[in-house]
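Modelling step: build the complete structure from the supplied sequences, incorporating the hints.
Protein chains: 2
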Amino acid sequence: MGKCEQCIIKQFNALKSLTKDELIRISGCKSSKKIKKGEVIFEEGEVLNGVYCIRDGICKLSKLSENGKDQIVKMVIKGQLLGQRSIISGQSSNLQAVALNDMEVCFIPKNEIISDLQRNPKFSFDVLQDMARDLKDSDDIIVNMAQKTVKQRLAEALIYIQENFGENPDGTLSVLLSREDYASIVGTATESAIRVLSQFKREGLISTIGKFIKIENLNGLKRVE
Amino acid sequence: MGKCEQCIIKQFNALKSLTKDELIRISGCKSSKKIKKGEVIFEEGEVLNGVYCIRDGICKLSKLSENGKDQIVKMVIKGQLLGQRSIISGQSSNLQAVALNDMEVCFIPKNEIISDLQRNPKFSFDVLQDMARDLKDSDDIIVNMAQKTVKQRLAEALIYIQENFGENPDGTLSVLLSREDYASIVGTATESAIRVLSQFKREGLISTIGKFIKIENLNGLKRVE
DNA sequence: CTGTTGATATGATTTTGGTCATATTTCAAG
DNA sequence: CTTGAAATATGACCAAAATCATATCAACAG
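Residue numbers (the UniProt record's numbering), protein chains in the order written: chain L, 1 to 225; chain X, 1 to 225.
No lab work stands behind these hints, which were simulated from the structure alone.
Hints should not be assumed to be uniformly reliable.
Copies of one chain are not kept apart here, so a pair can be met inside one copy or by any two copies together.
Claimed, not checked - Straight-line distance between alpha carbons at most 27 angstroms, and here's what the computed DSS-like set of lysine-lysine pairs gives: (1) 78 - 3; (2) 33 - 20; (3) 34 - 211; (4) 3 - 148; (5) 214 - 33; (6) 110 - 16; (7) 214 - 37; (8) 16 - 33; (9) 201 - 136; (10) 148 - 201; (11) 3 - 33; (12) 148 - 136; (13) 3 - 211; (14) 201 - 222; (15) 151 - 222; (16) 3 - 201; (17) 110 - 122; (18) 37 - 211; (19) 110 - 151; (20) 222 - 122; (21) 148 - 78; (22) 136 - 20; (23) 37 - 122.
Just so it is clear, the structure is predicted and the values come from calculations on it, not from any experiment.
Here you go:
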């Protein structure tokens with residue numbers, strides 16, 4: 001099993017602020033897991049016993065609405081930590097996590113994280129900064145949900161995905177999402193998401209290669225009204 | 001000027017975790033302010049030089065959308081801290097803060113808060129917990145915005161305001177909001193908010209006494225579809 | 001008391017997007 | 001290669017909510 005002290009993934013998250021000793025201790029109690037695409041990492045309402053450090057892959061965090069539809073709230077990618085919020089609040093998770101592609105994660109037990117948070121101010125400040133960023137992102141999402149049209153939100157989602165999760169060699173978005181996932185990100189009906197994507201394609205804003213989507217006209221997408 | 005060590009307001013926020021020494025130091029550099037209803041506490045994009053501890057009153061945090069409409073993202077009330085997020089992230093504020101009634105606040109300089117965060121793990125863990133709670137609330141708001149109707153959102157807003165901000169002796173909601181504010185909370189047009197409130201009144205779910213709203217049928221509001 | 005202003009209210013119309021129905025395509029299992 | 005299931009696509013229709021147009025009301029300065 002890999003050693004946290006030597007793992008480069010930690011550069012991308014708050015674990016980088018841990019001391020060598022703390023990392024060695026984590027190394028000793030962490031466990032590595034492989035998670036297949038579509039697999040549930042944790043359920044809404046489940047009590048988490050630790051956090052996941054994502055070594056590879058992407059997952060979606062979603063919440064079931066009262067009307068029975070799933071709403072994707074956030075996507076978490078390689079390098080980021082998953083589950084801090086629940087660990088810190090001590091509450092059960094308010095979101096479900098599902099792998100969007102094959103993932104590799106390290107599971108770090110709750111006690112270890114909590115004691116590091118209480119011992120290492122630099123680490124806890126780093127986590128604070130992560131959460132502050134998340135909070136800002138959430139504010140933006142709320143405003144977009146409330147004030148923008150489905151077309152605008154979908155255009156922005158495509159841009160966001162390209163900018164944050166990267167593209168394949170052929171220029172297509174590296175994350176493969178179903179139309180239902182897109183609908184669930186922008187908070188609309190699956191049919192509406194399909195319709196809007198078809199329209200974007202007709203207008204030359206995007207193209208598709210197999211199941212993958214490629215942004216053809218970034219500025220056009222940004223100007224969607 | 002009041003002394004933080006003796007102030008009871010701090011019981012309601014993370015400042016309760018500071019030591020007596022730390023509180024005395026804050027007392028020495030804080031400043032008290034009175035803010036009139038409608039006054040702007042800070043603007044979107046403004047760099048904050050500290051946090052506000054709210055001794056009395058309520059304010060709204062809103063963000064200007066690209067379509068020119070203001071979206072209320074959060075309301076902050078007596079006992080809570082205002083501006084932590086910006087101080088922690090080191091970025092300018094992404095929200096505007098406006099007093100909803102006359103307020104009394106204490107302004108605590110940034111440096112003092114930051115150094116306490118880095119020195120006192122209990123304090124920083126408390127702030128972490130606050131932010132974790134906020135993050136969960138934001139998730140819920142996102143899901144509601146995406147999946148519920150204007151009528152449902154407005155009904156929930158009324159219930160939320162009653163439960164969290166209390167009521168006057170006559171049973172009316174203690175926070176006085178304009179129809180425009182209600183629209184801005186649920187993310188709809190002012191006319192729509194007015195229409196829905198009128199409908200609620202016609203159906204006996206709420207009543208009005210002067211400018212104040214009174215919830216007459218809580219269960220009815222909860223069942224709104 | 002009157003005129004002005006901003007908030008509230010309501011009607012008429014249009015737009016957006018949800019729902020339901022039905023094809024079509026894709027892909028994997030047999 | 002067929003068959004069946006799931007994902008994608010598209011049309012028709014309907015409901016929710018935005019927009020535009022007025023009207024009414026409350027508060028207040030002059």
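Verification of the supplied hints:
With identical chains, the CA atoms of residue 78 and residue 3 are at most 27 angstroms apart within one copy only, with a shortest distance of 17 angstroms there and 47 angstroms across copies. Taking identical chains as interchangeable, the C-alpha atoms of residue 33 and residue 20 lie at most 27 angstroms apart only when both belong to the same chain, with a minimum of 23 angstroms there against 46 angstroms between chains. For a Cα distance limit of 27 angstroms, the shortest separation of residue 34 from residue 211 inside one copy, 24 angstroms, qualifies, whereas the shortest one across copies, 59 angstroms, does not. Taking the closest pair of Cα atoms, residue 3 and residue 148 never come within 27 angstroms of each other, the shortest separation being 46 angstroms inside a single copy and 46 angstroms across copies.
Taking the closest pair of Cα atoms, residue 214 and residue 33 never come within 27 angstroms of each other, the shortest separation being 31 angstroms inside a single copy and 54 angstroms across copies. Taking the shortest alpha-carbon separations for residue 110 and residue 16, both the intra-copy value of 18 angstroms and the inter-copy value of 25 angstroms come in at or below 27 angstroms. In this assembly of identical chains, the alpha carbons of residue 214 and residue 37 lie at most 27 angstroms apart only when taken from the same copy (22 angstroms versus 50 angstroms across copies). In the homo-oligomer, the alpha carbons of residue 16 and residue 33 lie at most 27 angstroms apart inside one protomer (21 angstroms), although the nearest pairing across protomers, at 40 angstroms, exceeds that limit.
For the homomeric pair residue 201 and residue 136, neither the shortest alpha-carbon distance inside one copy (32 angstroms) nor that between copies (36 angstroms) is at most 27 angstroms. In this assembly of identical chains, the alpha carbons of residue 148 and residue 201 lie at most 27 angstroms apart only when taken from the same copy (20 angstroms versus 29 angstroms across copies). For a Cα distance limit of 27 angstroms, the shortest separation of residue 3 from residue 33 inside one copy, 14 angstroms, qualifies, whereas the shortest one across copies, 52 angstroms, does not. Taking CA atoms no more than 27 angstroms apart as the test, residue 148 paired with residue 136 passes in both settings, with 18 angstroms inside one copy and 23 angstroms between copies.
Proximity of residue 3 and residue 211 under a CA criterion of 27 angstroms is satisfied in neither setting, with 37 angstroms inside one chain copy and 64 angstroms between copies. For a Cα distance limit of 27 angstroms, the shortest separation of residue 201 from residue 222 inside one copy, 15 angstroms, qualifies, whereas the shortest one across copies, 42 angstroms, does not. Taking the shortest alpha-carbon separations for residue 151 and residue 222, only the intra-copy value of 11 angstroms comes in at or below 27 angstroms, while the best inter-copy value is 31 angstroms. Proximity of residue 3 to residue 201 under the C-alpha cut-off of 27 angstroms is found in neither arrangement, the shortest distances being 46 angstroms within a copy and 64 angstroms between copies.
Taking CA atoms no more than 27 angstroms apart as the test, residue 110 paired with residue 122 passes in both settings, with 18 angstroms inside one copy and 17 angstroms between copies. In this assembly of identical chains, residue 37 and residue 211 lie within 27 angstroms of each other by CA distance solely inside one copy; the values are 16 angstroms within and 54 angstroms between copies. In this homomeric assembly, residue 110 and residue 151 never come within 27 angstroms of each other (Cα to Cα): the closest approach is 41 angstroms inside a single copy and 41 angstroms across copies. For the homomeric pair residue 222 and residue 122, neither the shortest alpha-carbon distance inside one copy (38 angstroms) nor that between copies (44 angstroms) is at most 27 angstroms.
For the homomeric pair residue 148 and residue 78, neither the shortest alpha-carbon distance inside one copy (29 angstroms) nor that between copies (32 angstroms) is at most 27 angstroms. For the homomeric pair residue 136 and residue 20, neither the shortest alpha-carbon distance inside one copy (31 angstroms) nor that between copies (32 angstroms) is at most 27 angstroms. Taking the shortest alpha-carbon separations for residue 37 and residue 122, neither the intra-copy value of 35 angstroms nor the inter-copy value of 39 angstroms comes in at or below 27 angstroms.
Hints 4, 5, 9, 13, 16, 19, 20, 21, 22 and 23, counting from the list given before, are not met by this structure.
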